[in-house]
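Each chain is listed here by its residues.
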Amino acid sequence: MQFFGGSEISPSPPAPTASGNNGHMLYVFNRNGICLLYREWNRPLHTLNAQQDHKLMFGLLFSLKSLTAKMDPTSSEKGNLGVPQLPGQGCSFHSFRTNTYKLSFMETPSGIKIILVTHPRTGDLRESLKYIYNLYVEYVVKNPLYTPGAPIRSELFNTTLDQYVRGIA
Amino acid sequence: MAPVAPRSGDAIFANIERVNAELFTLTYGAIVRQLLTDLEEVEEVNKQLDQMGYNIGIRLIDEFLAKSNVSRCVDFRETAEVIAKVGFKMFLGVTASVTNWDAEGTCCSIVLEDNPLVDFVELPDNCQGLYYCNILSGVIRGALDMVSMKAEVTWLRDALRGDDVFELQVKLLKQVPEEYPYKDDE
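If you read the sequences in order, they're chains A and B.
Going by this note's numbering, the first sequence opens with residue 1, and the numbers climb by one from there.
Going by this note's numbering, the second sequence opens with residue 1001, and the numbers climb by one from there.
Hints may contain errors.
[As the list claims (entries may be wrong)] Subject to a maximum C-alpha distance of 25 Å in a straight line, what follows is the list of computed DMTMM-like cross-link-like pairs (lysine to aspartate or glutamate):
hint	chain 1	residue 1	chain 2	residue 2
1	B	Lys1171	B	Glu1078
2	A	Lys142	B	Asp1075
3	A	Lys130	B	Asp1145
4	A	Lys65	A	Asp53
5	A	Lys130	B	Glu1063
6	A	Lys142	B	Asp1163
7	B	Lys1085	B	Glu1043
8	A	Lys65	B	Glu1179
9	A	Lys70	B	Glu1022
10	A	Lys130	B	Glu1044
11	A	Lys65	B	Asp1075
12	A	Lys130	B	Glu1022
13	A	Lys130	B	Glu1078
It should be emphasised that the hints constitute simulated quantities derived from the structure, not laboratory data.
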């Protein structure tokens, strides 16, 4: 692979946990709740328009994170439910599974949220999400023509992402 | 899955794509030189360098987080240590030390003994007000901004102005809590 710096992405991608065409969709949000990227591979049902859908997804993650932190039995510092937290404060979830899909979630301290929805029997994708974050750094952040905070329009990033997701889920 | 330990600055530096140090130093010098020609006022150049640094910092933070596996810092003390030990090592190949903490733990100094930006540099008489490395303070400010810490970064000592080392004061102004970004009626 050839990147902007001509360097390989380190660390190298984790070993695939499954193979096939099981990736449904992927969202990337930034700290302001702006959907930087939405990719869809296999999603027969659309009930909302794209904007509402992104807002709903972001809202779900936001509330779920606040809820998981509130329920944490190991921590003594209890924020009130709904009270804003500092990024990284409190614990967070990394995936949930229903009988029809699995949602994997990663948030970085800089507030980038990566959400990948896959087949319910996909394995642990935390390393893979981290790798996608590395792809984002190489193809988006390091692209001088990209304005931070704007939706990502990079064919190169999309192709690489499609390829990678096809390989893991 | 066991959590991945943060990587050390040395380990990242060894794996990262690097450019020739002299090329880097001279390129930076050329930028500063051009700014001095274009903007004429030394004060304006300082401002411009800081702004350029800020723009670098808001992007650099993601590369830093992606490659270092640093998750979250418990407090600002840890943040400062990470900047000095991992951040400076990863991007500049030098290590800095953190000193002069105030009682509240919100203000400290990052001391750079070795600074690759200033090899071959001497400030001429008409540029005495120039903070030659002002880009660095901008980078730190921008990067901290992206992890929700508003900080003020100023130079306390500058080897180009006759001090023995470079000393950056980093002062944490406030930590911004994460808020739900949408209004209810949207």
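The hints, checked one at a time:
1. In summary, the hint linking B/Lys1171 to B/Glu1078 is supported, as the alpha carbons are separated by about 14 Å, within the 25 Å threshold.
2. Between A/Lys142 and B/Asp1075 the alpha-carbon distance is near 29 Å, which puts this suggested pair outside the 25 Å criterion.
3. Among the hinted pairs, A/Lys130 with B/Asp1145 is consistent with the structure: their alpha-carbon atoms are about 22 Å apart, no more than 25 Å.
4. The straight-line distance between the Cα atoms of A/Lys65 and A/Asp53 is roughly 18 Å, inside the 25 Å bound, and the hint therefore holds.
5. As the CA atoms of A/Lys130 and B/Glu1063 are separated by approximately 12 Å, the hinted pair is consistent with the 25 Å bound.
6. Note on A/Lys142 and B/Asp1163: the hinted pairing is violated, with a Cα-Cα distance of about 35 Å set against a maximum of 25 Å.
7. For the hint pairing B/Lys1085 with B/Glu1043, the CA-to-CA distance comes to about 30 Å; that exceeds 25 Å, so the pair is violated.
8. Proposed proximity of A/Lys65 and B/Glu1179 is supported: the alpha carbons are some 12 Å apart, at most 25 Å.
9. At roughly 52 Å between alpha-carbon atoms, A/Lys70 and B/Glu1022 are farther apart than 25 Å, so this suggested pair is violated.
10. Proposed proximity of A/Lys130 and B/Glu1044 is contradicted: the alpha carbons are some 40 Å apart, above 25 Å.
11. The hinted pair formed by A/Lys65 and B/Asp1075 meets the criterion: a straight-line CA distance of about 21 Å does not exceed 25 Å.
12. A threshold of 25 Å between alpha carbons decides the hint, and for A/Lys130 with B/Glu1022 the separation of about 33 Å lies outside it, so the pair is violated.
13. The suggested pairing of A/Lys130 with B/Glu1078 holds, with an alpha-carbon distance near 23 Å, which does not exceed 25 Å.
Going down the numbered hints, you'll see the structure goes against 2, 6, 7, 9, 10, 12, while the others check out.
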